[in-house]
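Based on these hints, arrange chain X on the given structure of chain F.
Number of protein chains: 2
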Amino acid sequence: MERSIFMKSENAKKPIPAEGGQLDPDIVITGGMLLTMVEGEEPLKNASIFVKDEKIVQIGKNGEMPIEHGKAHVERIDASRGIILPGLVNAHSHAAMTLFRGYADDLPLKEWLIDKIFPLEARFLNEKTVYWGALLACMEMIASGTTCFLDGYFFQDGTVRAAQDAGLRALVAQGVIDFPAPGVPDPGENVAAAKAFVEKWQDFSSLIMPGIFCHSPLTCSERTLRMALEVSSKFGMPLQIHLSETREEVLAVVAKTGMRPVEYLKDLGWLDRPLIAVHAIHLNDEEIALMAKHRVRVVHVPESNMKLSSGIAPVDKMLKAGLTIGLGTDGSASNNDLDLFLEMDSAAKLAKISSMDPVCLSAGEALKMAVRGGASVLGLEREIGTIEVGKRADIIVVDLDAPHLTPLYDPCSTLVYSASGSDVKDVIVNGRVLMKDRTFTSLDPDEIKGKVREISRAIGLSV
Amino acid sequence: MERSIFMKSENAKKPIPAEGGQLDPDIVITGGMLLTMVEGEEPLKNASIFVKDEKIVQIGKNGEMPIEHGKAHVERIDASRGIILPGLVNAHSHAAMTLFRGYADDLPLKEWLIDKIFPLEARFLNEKTVYWGALLACMEMIASGTTCFLDGYFFQDGTVRAAQDAGLRALVAQGVIDFPAPGVPDPGENVAAAKAFVEKWQDFSSLIMPGIFCHSPLTCSERTLRMALEVSSKFGMPLQIHLSETREEVLAVVAKTGMRPVEYLKDLGWLDRPLIAVHAIHLNDEEIALMAKHRVRVVHVPESNMKLSSGIAPVDKMLKAGLTIGLGTDGSASNNDLDLFLEMDSAAKLAKISSMDPVCLSAGEALKMAVRGGASVLGLEREIGTIEVGKRADIIVVDLDAPHLTPLYDPCSTLVYSASGSDVKDVIVNGRVLMKDRTFTSLDPDEIKGKVREISRAIGLSV
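Chains as they are written, first to last, in our numbering: chain F, 1 to 463; chain X, 464 to 926.
Hints listed in this document are in silico derivations from the structure and should not be mistaken for laboratory results. Values in this document were obtained by computation on a predicted structure and should not be read as measured data. No incorrect hints appear here.
Taking lysine-lysine pairs in the BS3-like style, the calculated list, with each CA pair at most 27 Å apart, reads:
(1) F:Lys436 x F:Lys45
(2) X:Lys573 x F:Lys317
(3) X:Lys780 x F:Lys110
(4) F:Lys449 x X:Lys899
(5) F:Lys368 x X:Lys579
(6) X:Lys579 x F:Lys45
(7) F:Lys436 x X:Lys912
(8) F:Lys449 x X:Lys524
(9) X:Lys508 x F:Lys116
(10) X:Lys573 x F:Lys320
(11) X:Lys508 x F:Lys451
(12) X:Lys912 x F:Lys61
(13) F:Lys110 x X:Lys783
(14) F:Lys116 x X:Lys831
To spell it out: a stretch of chain X is covered by chain F in this simulated footprint if at least three of its residues, at any positions, have a beta carbon under 8 Å from a beta carbon of chain F; those stretches are:
(15) 564-571
(16) 603-613
(17) 770-776
(18) 797-803
(19) 815-829
(20) 910-919
From the three backbone atoms N, C-alpha and C, an ideal C-beta is built for every residue, glycine too.
Just chain F, with the same shape it has in the complex:
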């Protein structure tokens, strides 16, 4: 059985009856245009949302929910100038790589990774630096409307603590690779380290799900992949892997195994578990069909794929095959930001230019990818990804006041093609306000930036 990050399974669709002023909400959002992201639902004008505890308890439109209660502790969010929508899900990141943002650009992937990033990681990563780097990433994600993220890296205790301190929802996975890695000097211990990580954090918080991230079918041995599969089964959590990011990698997997990467993973039994496949670029039609048959969940990371010249994922084909696709930024050393608004824009434009079909991946489809797609990649589509009564209150408000968001004809177009993360005004995760009027409530921005700058000075001086 698939483990939920919530201890008790809730029915998201169960309506909570309106009781007028008796609802006693903790948070009241009023006055905006609401995109519920429920299939087929039109935008609601002048909407209101009541949040109580961790959930959405009532939704009104056309100003039909006047707020009569006079409780002093009600948090009021004014969305009258904005669009209210579910929080975005960053389905692939290496959060702490903010530490290396802008350190090494415009290089071939191999040189970037092997000559620049790996040595930096070996020298500068520890639980403390990962904590501060990940906390900066969490702050950046909150500031740009991301309420949930999937992460794979090393020293992940630091990332768990950062996500917890920030208040974000996250699947934090320990990286597994068959080289000496930061915090895991002996590759023979890599899966054991990941297993210990999962055991340590599995009951820590309802917002944090620990996981395992195998680097790639090439950099992980067959033995490692089989052991990771066992851990995934034992703890009921999805597997994650970088899949077919470069053409060279695919050729090397074929040379090593006699099979293409997806066939190889199937052969190992990986497709029988919930699998999150990141990049998914160099796939043939048979592989796409196989992935669809086994309900593999794909994460599209267009900007990183462009910047590193890895290739263009066949998004249109994968969507047509019925695959679930989420959107990710990748680490900020290869993008170089964690802004999913910009990633949606890039995803739509890249799909159009690569297919030479301007109809391909509309604004609405790109938005769905970043919201519901991400929720489904996580297996949390019953908990998050739409704004419905009974669902978790992961909600953002985008302010439409900026010149570049004027005028408004189509909210999806405005959000995808015109907005950037800096237009996000308020962020709520699991019924807790994390940013209000662009002020962080859970984090101290100056402390975090100061700590990261301190680390970056040591990195800068080392070269």
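For chain X alone, coordinates are given in the frame of chain F:
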């Protein structure tokens, strides 16, 4: 002789001797990292810039210019948290198309243009609506660090007045097309209308240069193109045209003239005049060589080309051929914003993925394109495009305080891959502060947004 938009030609390189407190600057910028954009110059730390009248009069580094003068009227810009650089040049726009931003997306170019945009233009454009749409565009450009723009559209009196009211530097060109056009119902009068426009505005302001913009070699007849050439020669101003934006257009030009578009323009004598060629996508090697030989100035508009699936301009080949290339956003109905920071990012990433070479179009090269490239496209490289004593004071400050701009290793990388227009803090054009600490000094944002929303409501109701 090429006409300058400045009545008197100045020598940008002439140094103005430092006289300590006697310089009596109007504006003092202090404390930032300065990218002068002069070839080969490293970033200067803790820099200061003195501006007097319309020019840069002194530059200091390492805090060596303490400000001793005590004049009350000195405008002080604190750049201590930021990067100081020359203002960006948006080398292709249709400013007033902000009116249609987000109205029609995810459509084939022809359908978008002929079924959606042309009818809207016919019905809703007049000098007043163009003024408000262009003013919104000017506000958006100021807010995102653009200090100079090139524009082609109709009812351009409105755009001239908007640029003037905003305080931006601009080449504003009257559109010419052999169809009935907004404000020019008789195509037989199109060049005459453009000529009258140029005559009307040529001595109006040192910041505004009027011009002529022929829609394309296909939509303008040979007669029209020849007449436009005469106007360009008479008034000493560059010609502008959309060149080889789609494959279909190239085939149609070949069918019509027996020549490829660049050969056709050469045949007409167009390459003997300063020519600004926009899009420049579907070119063969001979055309690129011909353009280089004749010093055609190219404007690259990657996001619009992606969104409309027009194709990918051969930027790498054109740079190798020595062509001058500027960067443009196109109109905000096909992008859908006027943010050159995001355009630089897209330009770099698109070049890498299309060439499958991650070294192609580095951050530094993309930045150069948006700054010096644009200045050269305009023929203003001696006046703007770098920060040097004697040059016009077109300067912006980018605030580095945001989480996504932390840490800083390489200012070019930070500006191109991480920043967006919303990070711009201060904007100076020709020695006048247009935005300070993100507050506009020349414009009333609420009035402008209100007027455009009013127009957009009429447009929205019309369908």
